[in-house]
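Respectively, the protein sequence lines represent chains R and B.
For the first sequence, the positions run 1 to 299 when UniProt numbering is used.
For the second sequence, the positions run 1 to 330 when UniProt numbering is used.
Some hints could be false.
[Claimed, not checked] Cut-off 30 angstroms, straight-line C-alpha distance, at most; resulting in silico cross-link-like pairs (DSS-like, lysine-lysine): (1) R:K173 with B:K139; (2) R:K79 with R:K229; (3) B:K211 with R:K50; (4) R:K32 with R:K50; (5) R:K115 with R:K295; (6) R:K161 with R:K50; (7) R:K173 with R:K161; (8) R:K50 with R:K115; (9) R:K52 with R:K115; (10) B:K139 with R:K50; (11) B:K139 with R:K52; (12) R:K173 with R:K229; (13) R:K173 with B:K211; (14) B:K211 with R:K32; (15) R:K52 with R:K79; (16) R:K229 with R:K32; (17) B:K139 with R:K79; (18) R:K161 with R:K32; (19) R:K79 with R:K295.
Honestly, the hints are just simulated from the structure, not real lab data.
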Amino acid sequence: MTQPDLAPTDVIHDIGYRSYDGPRLGRRYARKSLYVQSLRGAYGLGRSAKSKVLPMILFAVMCLPALIIVALTIFTDRKDLPLQYTRYAVVLQAVITLFVASQAPQAVSRDLRFKTTPLYFSRPIEAVDYVVAKFAALASALFLLTAAPLLILYIGALLAKLSFGHQTAGFAKGLVSIALLSLLFAGIGLVIAAVTPRRGFGVAAVITLFVISYGAVSAVQGVADNQEKWHVIGWLGLFSPITLIDGFQTWFLDATSAFPDAAGPPNAAAGTAYLLVILAILAGSFGLLMRRYRKAGLS
Amino acid sequence: MTVIATESLSKRYPRVTALDRLTVDITPGVTGLVGANGAGKSTLIKILLGLAPATEGRATVLGRDVATDGAGIRALVGYMPEHDCLPPDVSATEFVVHMARMSGLPPTAARERTADTLRHVGLYEERYRPMGGYSTGMKQRVKLAQALVHDPQLVLLDEPTNGLDPAGRDDMLGLIRRVHTDFGISVLVTSHLLGELERTSDHIVVIDGGKLLRASSTSDFTQTTGSLAVEVTDRESELLATLTAAGLTAQRTGHLLMVDIGDDETYDTVRDAVAGLGVGLVRMEQRRHRIAELFADPDDTGADATAAAHPTPDTAVAAPGAMGTGRSVR
């Protein structure tokens, strides 16, 4: 056995230990720090170069059609954009789904897999701070992803000297819609990702849920369309995330529905149902995340 | 002054009792918390951090009640978990800065404290590399650094020597000692290896099955019994006479002479006496009772199983009997 004082390493310490008596900023600051770190992490910032590749590609893919649309609008002298602001996210839903599927697990599964969560909960923050920070961070990341192309469209529309009032109203409605979409997608993605420490499972599960639910809703809507039951089409949209947003914005934001025959919610009851279901999913995912982390403790 | 005080602290789960009316007072310094796996060490740490409510009894950490002021305690306490907790694709610097901010340090202070703390735990150029490529020893240092970065008043270290080779273990124990002596931070360190804590700790608390077995100061029983075992090739009686004449207390046991150690000159006196007689010195080694002997419990199967899994000299639980602490001269 060696004596500790004979150990060859860690002996060169000419500067002594300095204690810290500066400010300790507490929970609110810690929550904000976690939010910022997670938001940056969603785009791979502060992480390895490899983890920047996918989110940056998705961001570029998301913006590319907007640039093309703007170019078309300016050079063909159109009176309006060929695509509504509210429709953009619906058309590019595959890109958004991929982003949620890849970044929700990176937001929460990583901490579970590498067991970093105990380090958070041995600090002043509580489970609710962790959940709020992660939820807000992923929703913000999604909002950036979906708002950037809308901003490109809006600036392009103004450059093309389209009607200012009409464009501004459309842009504002688009922002409301994608804000809700970001929260909804983030909630669903995080709940699924927080179940498993395995990143691959999380990615697969999120993609499966979004694609299958959308596929199923579209298929059944197609059948209803064939049988000319348009009011059913309007109700069916309640069963997948993106069609929920579509139904909501059709009823509340005066958007044209992407459903077959543009058959949005048939009446006020259906329109309200869209809003209620969205709110219920948001509350539910927050509740589930809280339940998941309240017991997380140190293990 | 007490750093940690528990009073009849119990934690019962539906099937097991993790802590059973534990009452201890832990004073500043390095305290070793010893117990076999499942003895209740981790449960105690959870309760002390205010993360799990006690079933009954109460506990205070740094004078704050764990039941009502968990967040206040966690701001002033550092925690190093037993398991791996480091994301591999982040550098030690980025990780520890983030953890410092999570403890409430403003950005600039977080960066400065991170650089300082990583240097103090012995991490230099490698701190800019992703942690996935670190050795176990380096990972343990980062884990210790994140527990120290906000300059806590107390750190709870859960099995910090786990998975380290003997040299790494000695480094870590030396570092833990310095956390108290140089940094002025009190330490509660857990281990299932009794031997390694006696060199590091000022106090030892032994728990088993959630109950307190013993709490004492390390010096109480390790330093008072220090003696030197001397074995020579011949003429033991004459050596005994010479040593007694030189003012040392010595007894003969078999062909060994047990000499009480007064101070460092004892070694010189023995050496000179042996040289004067012209006999060969076979060995001269320090003997002292080890904590392990005092706590050894032949019925403790848990400890035996632990010992079997780690056949190192430190595992004195399964090997009672007087073992030398080193310094043998042949």
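Verification of the supplied hints:
no.: 1; hint: R:K173 with B:K139; result: violated, 50 angstroms
no.: 2; hint: R:K79 with R:K229; result: violated, 34 angstroms
no.: 3; hint: B:K211 with R:K50; result: violated, 50 angstroms
no.: 4; hint: R:K32 with R:K50; result: holds, 26 angstroms
no.: 5; hint: R:K115 with R:K295; result: holds, 14 angstroms
no.: 6; hint: R:K161 with R:K50; result: violated, 41 angstroms
no.: 7; hint: R:K173 with R:K161; result: holds, 20 angstroms
no.: 8; hint: R:K50 with R:K115; result: holds, 22 angstroms
no.: 9; hint: R:K52 with R:K115; result: holds, 23 angstroms
no.: 10; hint: B:K139 with R:K50; result: holds, 22 angstroms
no.: 11; hint: B:K139 with R:K52; result: holds, 25 angstroms
no.: 12; hint: R:K173 with R:K229; result: holds, 29 angstroms
no.: 13; hint: R:K173 with B:K211; result: violated, 64 angstroms
no.: 14; hint: B:K211 with R:K32; result: violated, 41 angstroms
no.: 15; hint: R:K52 with R:K79; result: violated, 39 angstroms
no.: 16; hint: R:K229 with R:K32; result: violated, 49 angstroms
no.: 17; hint: B:K139 with R:K79; result: violated, 62 angstroms
no.: 18; hint: R:K161 with R:K32; result: violated, 40 angstroms
no.: 19; hint: R:K79 with R:K295; result: violated, 57 angstroms
The structure shown violates the earlier hints numbered 1, 2, 3, 6, 13, 14, 15, 16, 17, 18 and 19.
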